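**Q** The hints should help you fit chain E with the ligands onto chain Z, whose structure is shown.
If you're matching them up, the sequences are chains Z and E in order. Here this note's numbering runs 57 ahead of the position in the first sequence, where the first position is 1. Here this note's numbering runs 57 ahead of the position in the second sequence, where the first position is 1.
Mixed in with the good hints there might be a few duds.
[Said to hold, decoys possible] Now the stretches of chain Z that chain E is said to cover, found in silico as 3 or more residues with beta-carbon under 8 Å:
id : stretch
1  : 79-92
2  : 215-229
3  : 313-321
The set of hints was computed from the structure by calculation and includes no laboratory data. Only a predicted model underlies this, so the values are computations on that prediction, with no experimental measurement involved. Ideal Cβ placement from N, Cα and C applies to all residues, glycine included.
Chain residues, written in single-letter form:
There are 2 protein chains.
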Amino acid sequence: MNENFLSPLTSQFQVQYRYSVQFTKGIFDLKNPSLRDFLISEKKDGDTKKALVVLDQGLISHYPNLVSEIKEYFNGLTLVVQLTGDIMVIPGGEVCKNDPQHWDSLVKAVDLYGIDRHSYMIAIGGGAILDLVGYVAAVSHRGIRLIRIPTTVLSQNDSGVGVKNSINYHGKKNFLGTFAPPIAVFNDLLFLESLDVRDWRSGMAEAIKVSLIKDKDFFLWIESNTHSLKNRDLEAMAYLVHRCAELHMEHIANGDPFEFGSSRPLDFGHWAAHKLEYLSEFSIRHGEAVAIGMALDTVYSNQKNFLSKVELDRILDLLKNLGFVIFHTKLAENEKQILYSGLQEFREHLGGKLTIMLLAGIGIPREVHEIDEKSLANSVDYLEQVV
Amino acid sequence: MNENFLSPLTSQFQVQYRYSVQFTKGIFDLKNPSLRDFLISEKKDGDTKKALVVLDQGLISHYPNLVSEIKEYFNGLTLVVQLTGDIMVIPGGEVCKNDPQHWDSLVKAVDLYGIDRHSYMIAIGGGAILDLVGYVAAVSHRGIRLIRIPTTVLSQNDSGVGVKNSINYHGKKNFLGTFAPPIAVFNDLLFLESLDVRDWRSGMAEAIKVSLIKDKDFFLWIESNTHSLKNRDLEAMAYLVHRCAELHMEHIANGDPFEFGSSRPLDFGHWAAHKLEYLSEFSIRHGEAVAIGMALDTVYSNQKNFLSKVELDRILDLLKNLGFVIFHTKLAENEKQILYSGLQEFREHLGGKLTIMLLAGIGIPREVHEIDEKSLANSVDYLEQVV
Ligand SMILES: NC(=O)c1ccc[n+]([C@@H]2O[C@H](COP(=O)([O-])OP(=O)(O)OC[C@H]3O[C@@H](n4cnc5c(N)ncnc54)[C@H](O)[C@@H]3O)[C@@H](O)[C@H]2O)c1
Ligand SMILES: NC(=O)c1ccc[n+]([C@@H]2O[C@H](COP(=O)([O-])OP(=O)(O)OC[C@H]3O[C@@H](n4cnc5c(N)ncnc54)[C@H](O)[C@@H]3O)[C@@H](O)[C@H]2O)c1
Ligand SMILES: [Zn+2]
Ligand SMILES: [Zn+2]
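Here chain Z stands alone, though its shape is the one from the complex (with noise of 0.2 Å):
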């Protein structure tokens, strides 16, 4: 018998992923040719496989049609996916993130349908609906297919192109949640059209932060472009949308795609901005809490002295000529809780040590492990007056 039934043994490997995002407009036309061609690649043994969609229900007002003419897409391709049951229509929006009846009706059609790892699960919509969905498919059979069709300027060049999913649990947002690429992303820019003002500008929000961390001359573009970017030109929209996507994908590939340690660039403007969507409850959209939070650290990264006086005006310049409002009333309500939770929050849902992102420059990123008191307090008070 062997005598070393007592050494350690060790397990080291690595798991591949590779997905790509296509920019595509009109999806479901029956002469678009994108998401058929992906299915027919993936089309291995001679099996059809099975897919269950999940719609967006604030898409149906804006695109009366829609169902029909995903069916009627499928329907020509009935030897390579075959639709399960109906398209599932969702309520958009955090509703369907803290709602478990929406995750749990999602779980049930996966058992009744027979959906299985090697099925697909489509989701088209904004980012909650992609959160949502995503979540069901890494869950159900330890990982079922995920393709996102993202319909919002956030969910197209943030949330829809990484590697994130989850629901809220009991008011807490994302608890619950996994890391789990998807398999494909289609980005149609005709979705853009049918936005509500404040998600076709929130989603820019992600766009200047990541800028402002990693690409100067984006934010320059953006600078010269602010007038189309406001006045809804769907091409300037189409580029911002593509660079932003673009550098989140770069930074994911590169990085630290599972966040197993304790940085994340990506997050800069967003400690104080999660704490603000909870304050409000809910009443403004991520994006505009981050442009908020945004605004804080970037006055906040002056006051350190880290940040020009001159760039500090020339980001706030920016977010408020694209129509951002910077300040909000429970920022200096909740100023104490704001930093001393709102911190802890963030540090606990990364986990780690606090790592908080600051600016040094336009596309200069800086961390500092600690936020001081005093002035945080100015810079509160800076962007009351000049909002």
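**A** Here is chain E with the ligands on its own, set in the frame of chain Z:
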């Protein structure tokens, strides 16, 4: 403006995993350094980390001092790890995966105690408790560090050293779960002494399984140690557990750890086993069902002329000599159901093409993609006679 704003983007990256499985005796003995040394080695920054310990209730009657021993062990480690709240004791066995209240109480504890992504959840118990705690750890905050201390043969040689977790959903076995490697595993052999005879035996089925598809020498070793293994010789069991864990870990690391493909060789004997566990209303243990499932697939392999009669006899004899009952009345009563819905559920859970592992010899696997009704019926009859 860049003209390529419609060009596709691709994300490609790999995620690295590494964990070790240590073998020890008396892990919470104050003189035992294994766990302590590991925790100290993980302490990177100044922070003291939190740990939430979850204990299998089935251990308490056998080790009435366990809770206080664990607390004392961690008392000597307060600068490194701080136990949060009290140690949570959860009923072991399938009930903890079936009843959602256990899942919920754990998620609540993660929230209440502020367990973050860099804290630990430490699960001590059988495969069911490890699966439950592993799932909670995997989805809370998108992943808390998991330490497993398996206490049954099956969990020490198979489930606890692998990368999967799960809970049941409305009676569907392992319907919800993820692939999420632990950060460390500690197999404490002394826990095996208190196992019920059925649990002692049942875990050996996985060792026979892995020997049959991967390692003839290991099969021969089990054969020649039948007597010691049956008579609860702890050193013999230690070797069996070690080698079986090693073969499982090698398979996972060198194969397809997160099972993106459709082949799952480690599921030899499992397709009928899963159905049988269900049909017996979980009155038979997983390993007992696997022994029957392997016996069935072994006879079937002989019926199809893949496997010689000599080897067939040897395999059935080993199972019987270890005390396994290799037939169950539900097998004859529900032959068609086992064949059709059993195969279908097995395929669905794995996804993709039906892939069943059979034997072409001891240590020589052979994949097939269908099971024929006639030969299966003959195999069931055969087993009924030889049992
Ligand atoms: N997973 C991640 O990495 C990540 C990153 C950032 C944000 N998020 C999450 O994304 C969510 C926010 O996503 P969002 O900003 O896309 O908003 P949203 O999903 O909340 O949608 C906002 C509203 O727009 C509607 N809508 C969607 N598409 C539309 C369209 N084309 N036309 C008209 N209306 C449309 C929706 O029905 C909803 O009412 C939050 O839950 C946030 O936590 C996730
Ligand atoms: N994750 C995986 O890869 C994987 C693989 C195989 C099986 N499993 C799962 O593992 C579970 C079965 O695990 P198991 O066979 O370890 O049984 P178990 O966890 O169901 O435990 C069986 C019984 O033994 C008790 N017990 C645990 N340790 C003991 C000890 N040292 N002394 C006395 N009693 C003890 C438990 O309280 C329970 O009553 C199933 O739910 C199965 O689905 C998971
Ligand atoms: Zn954001
Ligand atoms: Zn098994």
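**Q** All the hints need checking, so say for each whether the structure fits it.
**A** Results for each hint:
{"no.": "1", "hint": "79-92", "result": "holds (count 3)"}
{"no.": "2", "hint": "215-229", "result": "holds (count 6)"}
{"no.": "3", "hint": "313-321", "result": "holds (count 4)"}
The structure fails none of the hints (numbered hints given earlier).
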